Amino acid sequence: MLEATNLACVRGSRRLFSDLNFSLAAGTLLQVTGPNGSGKTSLQRIICGLMAPDAGEVKWGDANIKSLGEDYSSNFIYIGHRHGVKDELTSVENLRIAAGLTGAELTKNDAARALGEVGLAGREDLPARFLSEGQKRRSALARLITSRRTLWVLDEVLASLDTAAIRMVESLIERHLSEGGMAIVTTHQPLNLTAGSIQQLELAGEVPIGSASAGLRS
Amino acid sequence: MFRWVVARDLMLAWRQRADVLSTLFFFVIVVSLFPLGIGPETQLLRSIAPGTVWVAALLASMLSLNRVFANDYHDGTLEQMLLTPQPLYLVVLGKVMAQWLVSEVPLVLIAPLIGVQFGLSPDTLLVLFISLLIGTPILSLIGSIGAALTLGLRGGGVLVALLVLPLYIPVLIFGAGAVDATIIGIDPAANIYLLSAMLVLSLVFAPWATAAALRISLE
Numbered sequence: 000m001l002e003a004t005n006l007a008c009v010r011g012s013r014r015l016f017s018d019l020n021f022s023l024a025a026g027t028l029l030q031v032t033g034p035n036g037s038g039k040t041s042l043q044r045i046i047c048g049l050m051a052p053d054a055g056e057v058k059w060g061d062a063n064i065k066s067l068g069e070d071y072s073s074n075f076i077y078i079g080h081r082h083g084v085k086d087e088l089t090s091v092e093n094l095r096i097a098a099g100l101t102g103a104e105l106t107k108n109d110a111a112r113a114l115g116e117v118g119l120a121g122r123e124d125l126p127a128r129f130l131s132e133g134q135k136r137r138s139a140l141a142r143l144i145t146s147r148r149t150l151w152v153l154d155e156v157l158a159s160l161d162t163a164a165i166r167m168v169e170s171l172i173e174r175h176l177s178e179g180g181m182a183i184v185t186t187h188q189p190l191n192l193t194a195g196s197i198q199q200l201e202l203a204g205e206v207p208i209g210s211a212s213a214g215l216r217s
Numbered sequence: 000m001f002r003w004v005v006a007r008d009l010m011l012a013w014r015q016r017a018d019v020l021s022t023l024f025f026f027v028i029v030v031s032l033f034p035l036g037i038g039p040e041t042q043l044l045r046s047i048a049p050g051t052v053w054v055a056a057l058l059a060s061m062l063s064l065n066r067v068f069a070n071d072y073h074d075g076t077l078e079q080m081l082l083t084p085q086p087l088y089l090v091v092l093g094k095v096m097a098q099w100l101v102s103e104v105p106l107v108l109i110a111p112l113i114g115v116q117f118g119l120s121p122d123t124l125l126v127l128f129i130s131l132l133i134g135t136p137i138l139s140l141i142g143s144i145g146a147a148l149t150l151g152l153r154g155g156g157v158l159v160a161l162l163v164l165p166l167y168i169p170v171l172i173f174g175a176g177a178v179d180a181t182i183i184g185i186d187p188a189a190n191i192y193l194l195s196a197m198l199v200l201s202l203v204f205a206p207w208a209t210a211a212a213l214r215i216s217l218e
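Chains as they are written, first to last, in numbering that gives the first Met the number 0: chain D, 0 to 217; chain H, 0 to 218.
By construction, these hints were calculated from the structure, which means they are not laboratory data.
You may find that some hints are simply not true.
[To be verified] So these bits of chain D aren't anywhere near chain H, every CB distance computed over 10 Å:
(1) Gly26
(2) Ala51
(3) Asp86
(4) Ile96
(5) Leu100
(6) Asn108
(7) Gly204
[Unchecked claim] Stretch-level coverage of chain H by chain D, calculated; a stretch enters the list once three of its residues show a Cβ under 8 Å from a Cβ in chain D:
(8) 7-16
(9) 74-83
Remember, it's a predicted structure, so these values are computed and weren't measured experimentally.
The beta carbon of each residue, even a glycine, is placed where N, CA and C say it ideally should be.
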């Protein structure tokens, strides 16, 4: 279980959010919404441990993620808006190397199957620079299938995807939640999910010091 | 995991051969300019050879430094590497090793050939080769700290040079010193030992410092 208590994030002279509390149980999706610059990406980077919060803490299970260090990394996968696909490598190579770096071996067939699932069948051996932006994003999303992590942290996951791909992402998330996974997703579009429970977290954007910045409703 | 990092970077380098070769050509051309510019005075050439070859090696290594992390930073793969369940120390060590293999080893191999232009004896060429073989990994290791610190900054290339070149000075002194010693007929062992000690120290501490710098740069 993931639990955030009293999180605050300050960027320069702006306070993006403070006193942010939420907890995420198995099978739950947290959808983070809010205007541009309201700290959605910062929140996700804090959850991944890439950024330290200015106050509060993030707990995985019973331990602070800081004390877990690298052990925490094997529980989640993060796909940011820089999606981490190398232009010089083919989609299969990208996928196999991403798996290899986390210490897991991935066969060529498994990689090709995952790429087929995200709609890149027939383009597995094309260098990623020949793929469109949406196809690159699909290629990054294939990591969700191959990595088998409990927590998915997805930043602007639906950006530059067509309707078929959006449906594909939704069904991936549904399957993940029904298998007891968790997901934290930022998006401006509504997600249509038939499985799992959805929590909404709305970041209000820049706020004066002292007032509550976020409302949590289920 | 370590071998994946190295294999990945070697593969990427192979796909961008032109970039890699430019470092080697830069080294060859810079070193070759000196005999052409100074003229065929054997004695003078011989005495400036160690310093010239070593300075050219330092500058060539600067050229390849910003490639270590910058490309991976821009497409987000570096972020993914930070989030792997393995120690970042190993990731850094793997990337630096790949950079050394790709950018520095060809330079070390070709240096004896270039040394011939300066009228160096076979013994001296061997010492030049050995000093570069031990010295260039130190350059890569120290350079990676600068590259990580200036990640994502505007004008990072110049800043790296200002940060890193002063730190290269000890390597330059003892590397060129070893070759110098051979030319004037002294045993170069002391210089080589000191270089080796620096290599061990930088192997232990530099990746750790680079890892810390990367975490700061990616925050």
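Tested hints:
1. With a closest Cβ-Cβ approach of about 23 Å to chain H, glycine 26 of chain D is found to remain outside the 10 Å limit, as its non-interface label requires.
2. Not every beta carbon of chain H lies more than 10 Å from that of alanine 51 of chain D, the smallest distance being close to 7 Å; the non-interface claim is violated.
3. Against chain H, the non-interface label of aspartate 86 of chain D is violated: not every CB pair exceeds 10 Å, the least being about 7 Å.
4. Some Cβ of chain H comes within 10 Å of the Cβ of isoleucine 96 of chain D; the nearest lies about 5 Å off, and the non-interface call is violated.
5. The beta carbon of leucine 100 of chain D is not kept farther than 10 Å from every beta carbon of chain H, the shortest such distance being approximately 5 Å.
6. A cut-off of 10 Å between C-beta atoms confirms that asparagine 108 of chain D is not in contact with chain H; the least separation is 19 Å.
7. Remark: the non-interface label on glycine 204 of chain D is consistent with the geometry, its nearest Cβ contact in chain H lying 21 Å away (cut-off 10 Å).
8. Proximity of the stretch 7-16 of chain H to chain D, defined as three or more residues with a beta carbon under 8 Å from a beta carbon of that chain, is established by the 5 residues found.
9. Look at the stretch 74-83 of chain H against chain D: 9 of its residues bring a Cβ nearer than 8 Å to a Cβ of that chain, three or more, so the hint holds.
This entry does not satisfy hints 2, 3, 4, 5, going by the numbered hints stated previously.
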